[in-house]
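Q: Construct all of the structure, not just a fragment, from the sequences and the given hints.
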Amino acid sequence: DAGITQSPRYKITETGRQVTLMCHQTWSHSYMFWYRQDLGHGLRLIYYSAAADITDKGEVPDGYVVSRSKTENFPLTLESATRSQTSVYFCASSRTGGNQPQHFGDGTRLSIL
Amino acid sequence: GNSVTQMEGPVTLSEEAFLTINCTYTATGYPSLFWYVQYPGEGLQLLLKATKADDKGSNKGFEATYRKETTSFHLEKGSVQVSDSAVYFCALPNDYKLSFGAGTTVTVRA
Chain A
1 DAGITQSPRY KITETGRQVT LMCHQTWSHS YMFWYRQDLG HGLRLIYYSA AADITDKGEV
61 PDGYVVSRSK TENFPLTLES ATRSQTSVYF CASSRTGGNQ PQHFGDGTRL SIL
Chain B
114 GNSVTQMEGP VTLSEEAFLT INCTYTATGY PSLFWYVQYP GEGLQLLLKA TKADDKGSNK
174 GFEATYRKET TSFHLEKGSV QVSDSAVYFC ALPNDYKLSF GAGTTVTVRA
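Note that the protein sequences, when read in sequence, are chains A and B.
Here our numbering is used: the first residue of the first sequence is 1, the next is one more, and so on.
Here our numbering is used: the first residue of the second sequence is 114, the next is one more, and so on.
Treat the hints with care, since some could be wrong.
[Said to hold, decoys possible] Once the Cα atoms are required to be at most 20 Å apart in a straight line, the calculated EDC-like pairs of lysine to aspartate or glutamate come out as: (1) K173(B) / E155(B); (2) K11(A) / D208(B); (3) K11(A) / D106(A); (4) K169(B) / E182(B); (5) K11(A) / D38(A); (6) K57(A) / D208(B).
[What the hints assert, rightly or not] Footprint (simulated), chain A over chain B, 3 or more residues, beta carbon under 8 Å: (7) 154–163; (8) 181–187.
What the hints contain is simulated information worked out from the structure, not anything from laboratory work.
A virtual CB, placed ideally from N, CA and C, is assigned to each residue, including glycine.
A: See below:
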């Protein structure tokens, strides 16, 4: 039962660099989500995807890009990292949207210097 | 859209104390309700859920009852342990997504 895995667990990079966070799930869940978690802001949805090749913006999408060419993978790319994107990023998946619970990965702690 | 309001923390308790974390919701219809727990350095884990009014979700000694009359889903545990120290989130569906409460940090002292 591999579940949902995120990589890397920790990343340090510099402003202006591109960085990609990976997310892989083994359940064949239709929906996948990216959140960021910051003190004082709780969990904020960045992007989500209802199926392969279908993605949509969440609350805070600016500065991020996603793709979903395969059901099991949902990478998140920061095209030109800024210090304000220093955060802990969580990927989640659910069998369907709506009333189904989401299952979370262990997160990527990203620091941008 | 649907939303939850969760009791803010932090909450500090002694072992074997009773824990209550309040959560109220605003929703169209009768969506499922969830409690998640986040231990230090980890992602959120589903703690319990309830799918309809008067349902009681339970897990690891925690309980929450889906109260339609008071639009509440309070989390309770009768005797907490140090290992229950974590952040707790109330959540409910909002379109295809989940709306989360702000989270309540619980610290249990030995």
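Q: Hint by hint, which ones does the structure fall short of?
A: When the structure is compared with the hints, numbers 2, 8 turn out to be violated.
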